[in-house]
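We have chain A; now place chain B onto it with these hints.
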Amino acid sequence: MIETIFSFLSTTSSTIGSTVLAVMVLVSSFFGFATPPVIVSEVATSSAPAAPEIIPAPVVTPKPPPVVTSPPVVVTPPPVVVPPVVVPPVVTPPPTQTVGTTTLSVRKVPLLVGGTVHAGEAVPVSYMQITNVGDEGALVTGFWIVQNGSAPVASVIGLSTVDDKGVIRDVTGGTEGATPFQNGMAFAPTNAFFAPGQTRLFTIKALMTQNVSSYIGMQLMIEVASVKTTAETKSQQFPIRGTTWTIAE
Amino acid sequence: MVGVFTMALPGIASAATYAYVNTLGEVSTVTANTWQTAMATAPNIHTHSGVMLLDTQADFDIVGDSI
Chain A
1 MIETIFSFLS TTSSTIGSTV LAVMVLVSSF FGFATPPVIV SEVATSSAPA
51 APEIIPAPVV TPKPPPVVTS PPVVVTPPPV VVPPVVVPPV VTPPPTQTVG
101 TTTLSVRKVP LLVGGTVHAG EAVPVSYMQI TNVGDEGALV TGFWIVQNGS
151 APVASVIGLS TVDDKGVIRD VTGGTEGATP FQNGMAFAPT NAFFAPGQTR
201 LFTIKALMTQ NVSSYIGMQL MIEVASVKTT AETKSQQFPI RGTTWTIAE
Chain B
1001 MVGVFTMALP GIASAATYAY VNTLGEVSTV TANTWQTAMA TAPNIHTHSG
1051 VMLLDTQADF DIVGDSI
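Chains as they are written, first to last, in my numbering: chain A, 1 to 249; chain B, 1001 to 1067.
It cannot be assumed that every hint is accurate.
As the list claims (entries may be wrong) - One side of the interface only, derived from the structure: several residues of chain A facing chain B at Cβ under 10 Å:
#1 P110
#2 L111
#3 L112
#4 V123
#5 Q129
#6 T131
#7 D163
#8 D164
#9 K165
#10 G166
#11 V167
#12 M185
#13 F187
#14 R200
#15 F202
What the hints contain is simulated information worked out from the structure, not anything from laboratory work. Heads up, the beta-carbon is just placed ideally off N, CA and C, and yes, glycines get one too.
Same shape as in the complex, but just chain A:
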């Protein structure tokens, strides 16, 4: 009896196990695991021919391409164009030119002899020596002059002043047709500073017109009537007589 029961149980469990195994195989094949693991037996038989020895080929390490050392390329930088440095002119401040109350001594320098003046010439008409005899600075802006000769004032088209260094201080007129004389007087600008005790020599020059044909033989006699200055002036005599020039072609 017992053997029968055990036989029955064994048969039943075997059947159940086979069934379960079949179901699992089906389910596995459905999810992609159809191929059951293959167990390879490693049992080697002496009768099988020996597999040829496989000599691994030497690993050929590819050589990197030779590095061609090119000569160093000297890159010449583009020339640096340095913009010209514009140095602003050094403006030397003028010396202290404090203008105060002082006295200028003005006198004629009798070194000028007149003569003949031609068309377009600039001739000196007066030499003057000016000295600041005071203790403060003075500014001379120019000279008032008159024409006492026989020539019309229209014969003079310009006036200039020259200092003791030969530098033209200032000019009025100077072009054909200019009329520096107005109402018989003209102003010759100079704009010069006089330090206390300073002495300077000035020349007043007159520029003649190119059209002197109607003034031939007439005389130019320019006198300094006064000095325009911030200071008091004293002179041997005002007007200071200039030289006499006779106009020629």
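Then chain B, alone, in the frame of chain A:
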């Protein structure tokens, strides 16, 4: 003695310094006995220059100046 010397050398006794304007426009000097001699002997004197006896310091101040 001084009088005799002066009479013997009158030029030296009365020599003086004169200013004039040369051809460069500068005030120069010349030593002469008279202004006429100064005019005649001043080197390179400008055509329109006269001569001026230098007496005071103010006179000498103009020597060398341009004119």
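Status of the hints after comparison with the structure:
1. P110: holds, 5 Å
2. L111: holds, 5 Å
3. L112: holds, 6 Å
4. V123: OK, holds: A/V123 within 10 Å of chain B, min 8 Å.
5. Q129: holds, 6 Å
6. T131: holds, 6 Å
7. D163: holds, 8 Å
8. D164: holds, 4 Å
9. K165: holds, 6 Å
10. G166: holds, 3 Å
11. V167: holds, 8 Å
12. M185: Interface hint status for A/M185: violated (24 Å vs cutoff 10 Å).
13. F187: Violated, because the Cβ-Cβ distance from A/F187 to chain B comes to roughly 21 Å (cut-off 10 Å).
14. R200: Holds: closest Cβ of chain B sits about 8 Å from A/R200, inside 10 Å.
15. F202: holds, 9 Å
Of the hints listed earlier, those the structure fails to meet are numbers 12 and 13, in rising order.
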